[in-house]
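Residue-level listing of the chains:
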Amino acid sequence: MRLLVSIALTLLRAKLRQSIVAAGGVTFSIAMFVALLGFMNGLNQLLDGLILNRTPHIRLFNELHISPQQPVDLAAIAPGDTAAYNFIRSVKPKDDLPRLRNANAIMGALEHDPRVRSVTPRLVAQVLFNVGTTDLTGQVFGIDVMKEVQYYMFQDYLVAGDPYDIATGNNTIVLGKGLADLMAARIGDLVQVTTATGDRTMLRVAGFFQSGIAEYDKVQSYANIKTVQKLLQRPASYYTDINVKLHDLNAAPAMARELAVRFRVQATDIQTANAQFETGSDVRSIISYAVGIVLLIVAGFGIYNILNMIIYEKLDTIAILKATGFNGSDVRRIFLLLSMIIGVVGAAGGLVLGITLQHIIDNVPFNTAALPTVTTFPVDYNAKYYLIAVSFALATTWVAGFFPARKAAHVDPVEIIRGK
Amino acid sequence: MAPTLEVRNINKHFRDPVDLHVLKDVNMRVDRGEFVSITGKSGCGKSTLLYILSTMDTDYEGELRIDGEATRHAGAARLARIRNEKIGFVFQFHYLLPEFTVLHNVMLPGLKLGLKSGPEVEHRAMELLKDLGIADQALKKANQVSGGQKQRVAIARALINDPLIIMGDEPTGNLDSQNTEIVFDIFRRIADEHRRSLLIVTHDPDFAKRTDRIIVMDDGRVVG
Chain U
1 MRLLVSIALT LLRAKLRQSI VAAGGVTFSI AMFVALLGFM NGLNQLLDGL
51 ILNRTPHIRL FNELHISPQQ PVDLAAIAPG DTAAYNFIRS VKPKDDLPRL
101 RNANAIMGAL EHDPRVRSVT PRLVAQVLFN VGTTDLTGQV FGIDVMKEVQ
151 YYMFQDYLVA GDPYDIATGN NTIVLGKGLA DLMAARIGDL VQVTTATGDR
201 TMLRVAGFFQ SGIAEYDKVQ SYANIKTVQK LLQRPASYYT DINVKLHDLN
251 AAPAMARELA VRFRVQATDI QTANAQFETG SDVRSIISYA VGIVLLIVAG
301 FGIYNILNMI IYEKLDTIAI LKATGFNGSD VRRIFLLLSM IIGVVGAAGG
351 LVLGITLQHI IDNVPFNTAA LPTVTTFPVD YNAKYYLIAV SFALATTWVA
401 GFFPARKAAH VDPVEIIRGK
Chain B
1 MAPTLEVRNI NKHFRDPVDL HVLKDVNMRV DRGEFVSITG KSGCGKSTLL
51 YILSTMDTDY EGELRIDGEA TRHAGAARLA RIRNEKIGFV FQFHYLLPEF
101 TVLHNVMLPG LKLGLKSGPE VEHRAMELLK DLGIADQALK KANQVSGGQK
151 QRVAIARALI NDPLIIMGDE PTGNLDSQNT EIVFDIFRRI ADEHRRSLLI
201 VTHDPDFAKR TDRIIVMDDG RVVG
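In the order they appear, the protein sequences are chains U and B. Okay, so the first sequence: first residue is 1 according to the working numbering, each after it adds one. Okay, so the second sequence: first residue is 1 according to the working numbering, each after it adds one.
All the given hints hold, so there is nothing to weed out.
Calculated lysine-lysine pairs in the DSSO-like style (CA-CA distance at most 27 Å, straight line): (1) Lys24(B) with Lys41(B); (2) Lys15(U) with Lys141(B); (3) Lys226(U) with Lys147(U); (4) Lys15(U) with Lys140(B); (5) Lys230(U) with Lys94(U).
Hints are computed from structural coordinates only; laboratory data are not their basis.
Generate coordinates for the entire structure from the input sequences, incorporating the hints supplied.
Structure follows, in structure tokens:
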């Protein structure tokens, strides 16, 4: 085998220019494949992250709604009395709080569920921000700051302020950038907030956030959950939402249905809420894979052509090898090795070039108002793409080498030697 | 002891474009240490016979035994092994591998046989080159040496595995008289000193006359 490798290498050196061109084709296609997929997937993750990072996989909440079974329905209509019906019109919901009952118990149960990655409570309050003589409507989200940082990338959207301050501070608030601009509020300022029940509180501005979606930023603000409970004058177990993140995103729809029945609450899952994002990502991935694989196949044809040419030029060599005792499968292996050496060298070069390209792309400035924390183009450095590119390149070069090598193995030495 | 090479009733046809019966009931044998030449007019089938004897051409009828072993039904890999181990070949047009050095050209069949280590094969190759007076050319590329030297390199390559028989297809056909003389002397020594058989196809009547035995062919038959 070592002999065959050294023969292949010698032939390669003799046809160095063609070999380099063939390897260059592989290098170019691998580099493009890696750079393209890394960039595309970086972009995908960025765009998906815009929504998906901040969206719980399952949201449990309790919407006020009219009881489908009214008390009068419980009053027995005499059995068999088909002539009697109850008609009730203009039913109003009961005066109840939009809270989750037994929220602590539900959270405890979910935290022990092996499918669940994180459970975070939220408390949403509708408020008015008083600015001089006018009021701006808005929402305050009471959040568990440290958990939101850990599981929902809260810090990525915080353009000013320290999440630890907000977590520990009392009566502090983080305003949406749009809202802060409307109120001309700066960090440290006090803003007056009125709840739906008319209670007024002064909150200190501890930071700004920018979600990338301007409509949100004009109405939303965040505070730690205790502050909002105090604002609403509710006890410490008062939550309106429980957000759940799962280990497996795809299990969300089924699990949402299960939880809705089990805890008698409303539950929405991420797929139902944001179906279009998956589609967009998939289409982008498919396009980049298609382009990358086409590049590799073209490189394969290049190798095929060049190898055919080398074999045609080396018919004498093949005839001599066979006359001096090398058999057909030795010759086949020599040319297959030649092809694989081109493939391996090309793939290695392609990886280096591709990773370089990825780093270049990663350093190209990319500023957009929608994405405050992003300053350069996103790149996904997932080793998966390197692996796919290299294995596909090796498979392509093997196939591209196989047919010319088989042809070489079948060269009849007598024909070549006598034909001269 | 089995004869080095023995054929019985060899027949061969070229079927393309028309059926042509090129070898007709050829019978012959070559014994150990015999220096045999095959002569005849162009187209009488002597080269065709040689390529059948070399095991490279397998499209024939009849029986071929090399060192007592019947090759008629041996597989391609076995035939390659026989060529490697028992037959040395010298062609009219040198046929060295131009990408390799002279030394490597000589070594390749030895490395392929794999009975000796790399350094041993190299040592043997250098000995042969020295013996043939071209040791100083060992590290040149094969296409950088002269025609007569190339043919001597080809002879060294044919000898690297100590074969039973050396076959030559007009090995001196392309050489001037001085180089022809050198090559003939080498062949003579191989036969006399090393007791190897030689089977040389040649056009040159002077060359043929000085061999041990002449096989004359005419129109596909052995006539003398």
